[in-house]
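S.K.: Given these sequences and hints, build the entire structure.
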Amino acid sequence: MKRDNINAMNAPQPRGGYSQAVSIENFRRLLFVSGQIPMTSDDAVPEGFDAQARQVWLNVDAQLKAAGMSKTDVVKVTTYLADRQHTVENREIRNEYLGTLAPAMTVVVTGIFDSAWLLEVEVVAAQ
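When you line the sequence shown up against our numbering, it's residues 1 to 127, in that order.
Calculated from the structure, these hints are not laboratory results. Backbone N, C-alpha and C define an ideal beta-carbon position, used for all residues, glycine too. Be aware that one or more of the hints could be misleading.
Claimed, not checked - Label pairs and their calculated CB-CB ranges:
id: 1; residue 1: Q63; residue 2: E96; range: 32 to 38 angstroms
id: 2; residue 1: S70; residue 2: F113; range: 15 to 21 angstroms
id: 3; residue 1: F113; residue 2: R54; range: 18 to 24 angstroms
id: 4; residue 1: D4; residue 2: D50; range: 29 to 35 angstroms
id: 5; residue 1: Q85; residue 2: N10; range: 38 to 44 angstroms
id: 6; residue 1: A51; residue 2: F113; range: 15 to 21 angstroms
id: 7; residue 1: V45; residue 2: G16; range: 22 to 28 angstroms
id: 8; residue 1: A116; residue 2: A8; range: 20 to 26 angstroms
id: 9; residue 1: S23; residue 2: Q85; range: 32 to 38 angstroms
id: 10; residue 1: A44; residue 2: A8; range: 40 to 46 angstroms
M.R.: Spelled out as structure tokens, the structure:
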């Protein structure tokens, strides 16, 4: 698979570990991972944003692995935050998980299905 991160010089430059666009060519398959919530496999919701964000990324990772993929295959991330105050912490934890990958990114501040959840993350991966 050929992957190119695209950041047009005549548009705003990305800040915070993402690309304005990601082009993929010669891929075999796409995986669309539904919104992953901050819940453990035994239905527990961790306390606090840090713990919830880490749990969400563990859940994303589990779905990727179940499909025979890994975080290096992620090309798009959409994050739903319950509160704007978590923007910086969200970016730090996401970047810790993704490293220098820099997928295309959208962050939306919105109401979330369960009021105990502080975020939800969905990804698209390609191989």
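S.K.: The structure should be examined with respect to each hint, and the outcome stated for every one.
M.R.: Checked hints:
1. Q63 to E96: 32 to 38 angstroms: violated, 18 angstroms
2. S70 to F113: 15 to 21 angstroms: Violated, since S70 and F113 (Cβ atoms, about 27 angstroms apart) do not stay within the stated range.
3. F113 to R54: 18 to 24 angstroms: holds, 20 angstroms
4. D4 to D50: 29 to 35 angstroms: Holds: the Cβ-Cβ distance is about 33 angstroms, inside 29 to 35 angstroms.
5. Q85 to N10: 38 to 44 angstroms: Since Q85 and N10 have Cβ atoms about 33 angstroms apart, the given range 38 to 44 angstroms is violated.
6. A51 to F113: 15 to 21 angstroms: Holds: the Cβ-Cβ distance is about 19 angstroms, inside 15 to 21 angstroms.
7. V45 to G16: 22 to 28 angstroms: Given range 22 to 28 angstroms: holds, Cβ gap about 26 angstroms.
8. A116 to A8: 20 to 26 angstroms: Check failed, 40 angstroms falls outside 20 to 26 angstroms.
9. S23 to Q85: 32 to 38 angstroms: holds, 34 angstroms
10. A44 to A8: 40 to 46 angstroms: holds, 43 angstroms
Checked against the numbered hints listed earlier, the structure breaks hints 1, 2, 5 and 8; every other hint is satisfied.
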